[in-house]
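S.K.: Position in the sequence shown (first residue = 1) + 135 = the numbering used here.
Rather than coming from a laboratory, the hints here were simulated on the basis of the structure.
It is possible that some hints are incorrect.
No more than 25 Å apart at the CA atoms, straight line, and that leaves these computed lysine-lysine pairs for BS3-like [claimed, not checked]:
#, residue 1, residue 2
1, LYS538, LYS507
2, LYS507, LYS438
3, LYS438, LYS538
4, LYS438, LYS328
5, LYS538, LYS509
Restraint ranges, calculated between C-beta atoms of paired labels, are given here [unchecked claim]:
#, residue 1, residue 2, range
6, SER327, PRO263, 18 to 26 Å
7, PRO367, ARG209, 42 to 50 Å
8, ALA227, ARG178, 25 to 33 Å
9, PRO404, LYS507, 19 to 27 Å
10, LEU432, LEU396, 26 to 34 Å
11, GLY488, GLY369, 48 to 56 Å
12, ASN518, GLN474, 15 to 23 Å
13, ASP257, LYS509, 18 to 26 Å
Just so it is clear, CB atoms sit at the ideal spot from N, CA and C, and this is done for glycine as well.
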Amino acid sequence: MWKSVWRVALAGGLALALAACNLLSTGLPGGQTTTISGLPVVRLASPLPNATYLEGVAVNIQAQVTNAGEDINRVEIVVDGTIVAPLASPNAAGAPAFTVSHSWPAAGVGPHTISVTAFRADGSSSAPATVNISVVGVGGTASPTPTIASVSPPSIGNEPPTAGGQAQPTAAPTNPPPPTNPPPPTNTPTPSKPVATFNQGVNVRSGPSTLFNPPIGSFAANQTTDILGRTPDGSWYKVRYYNGEGWVFGQLLTVSGDASLIPIDAGPPTPTLTPTPVPVTPTPVTNIDLVAGQIRLDPAAPKCNQTFIVYVDVANFGSGASSGGSISVQDIAVRDGTQQQATSGAFGPIQPGQTINSGAIPITVSTYFAEKHKIVIVVDPANQIAETNEGNNRAELEYTLDKGSC
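Starting from the given sequences, assemble the full structure and let the hints guide the process.
M.R.: Below, the structure written as structure tokens:
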């Protein structure tokens, strides 16, 4: 009899252990809980597949972990089979989704494989998210600029060049005229034309803004091409692109030659984005009204190329309970309104009249240091939660990006 009881207890214990491996209860703001089943999922947002970087340039690795929860033990960032960033306890808030970032200096000319894996405390893990990139050294890539045809050598004395560029000898004239002592030649140096060398892979666009989308092509790291113009503020350059021309972002290239020869060119007008009309829907029965509230940064003065944390308050001013949802986070350069970085976070269920905090949303910005930026928050950006008012889901916070290590 006791043997039978022992077997029943052992079977029950194994069943509970297996259930614990597949079902996770994670806490959300407001005291709510949700059950997460299965393995975490990792998606790489940066770098892009087959991107090319100049050796020594920082590669921004950014990944989003979903189906997460509070028992995510660590996230490992691996380059060529070696762990370069073991991130312990990356989801202290226990959010269903979170992002991680790491800056890896491109080291070693040739192909590299980057992967990110999330682990639970019980040892189970996500499938690794993997991307391949290339690193090139100085002089490692040829320029896409057109080849200049060879020029026939100038004629010497009374020897005119023939077709094919070769000079044919002619008979010396009889009774040559006496010399007339011409004035000495003036040595006027010829200015060198301005040339761009790209520090990393860069998109070529039809105008000086990322709003000119999609790109018309790209240059690889260490390629060179002629510079044809620049915007008045010098942030974008017009360059030779094969048999045509295009625009590239100025912080991704080095100018050589005589920069004073570069003409000012404002480029074509920036295209106007037509907002997608929001269909008129009847007032939802739930009477949910989500509002984006106060934004806080940690540290309060973010530094260039160093990850900082974004927190945002989310309130429900409606009379019905709201389910959890997503939050989009964008970093916008104030100088030209272009997006510099983007990521996302999540919030949990919110009761009527309740305000919760989103939890930590990490982001890394590495452009336009010592200049004004603004963080733009949109709660439920895809309008997956029906609300009585969709016009108060956005909030902004302006800050100055410190130079840091840039």
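S.K.: For each hint, tell me whether it holds in the structure or not.
M.R.: Status of each hint after checking the structure:
| no. | hint | verdict |
| --- | --- | --- |
| 1 | LYS538 <-> LYS507 | holds, 12 Å |
| 2 | LYS507 <-> LYS438 | holds, 12 Å |
| 3 | LYS438 <-> LYS538 | holds, 6 Å |
| 4 | LYS438 <-> LYS328 | violated, 36 Å |
| 5 | LYS538 <-> LYS509 | holds, 16 Å |
| 6 | SER327 <-> PRO263: 18 to 26 Å | violated, 48 Å |
| 7 | PRO367 <-> ARG209: 42 to 50 Å | holds, 49 Å |
| 8 | ALA227 <-> ARG178: 25 to 33 Å | violated, 21 Å |
| 9 | PRO404 <-> LYS507: 19 to 27 Å | holds, 24 Å |
| 10 | LEU432 <-> LEU396: 26 to 34 Å | violated, 42 Å |
| 11 | GLY488 <-> GLY369: 48 to 56 Å | holds, 51 Å |
| 12 | ASN518 <-> GLN474: 15 to 23 Å | holds, 20 Å |
| 13 | ASP257 <-> LYS509: 18 to 26 Å | violated, 41 Å |
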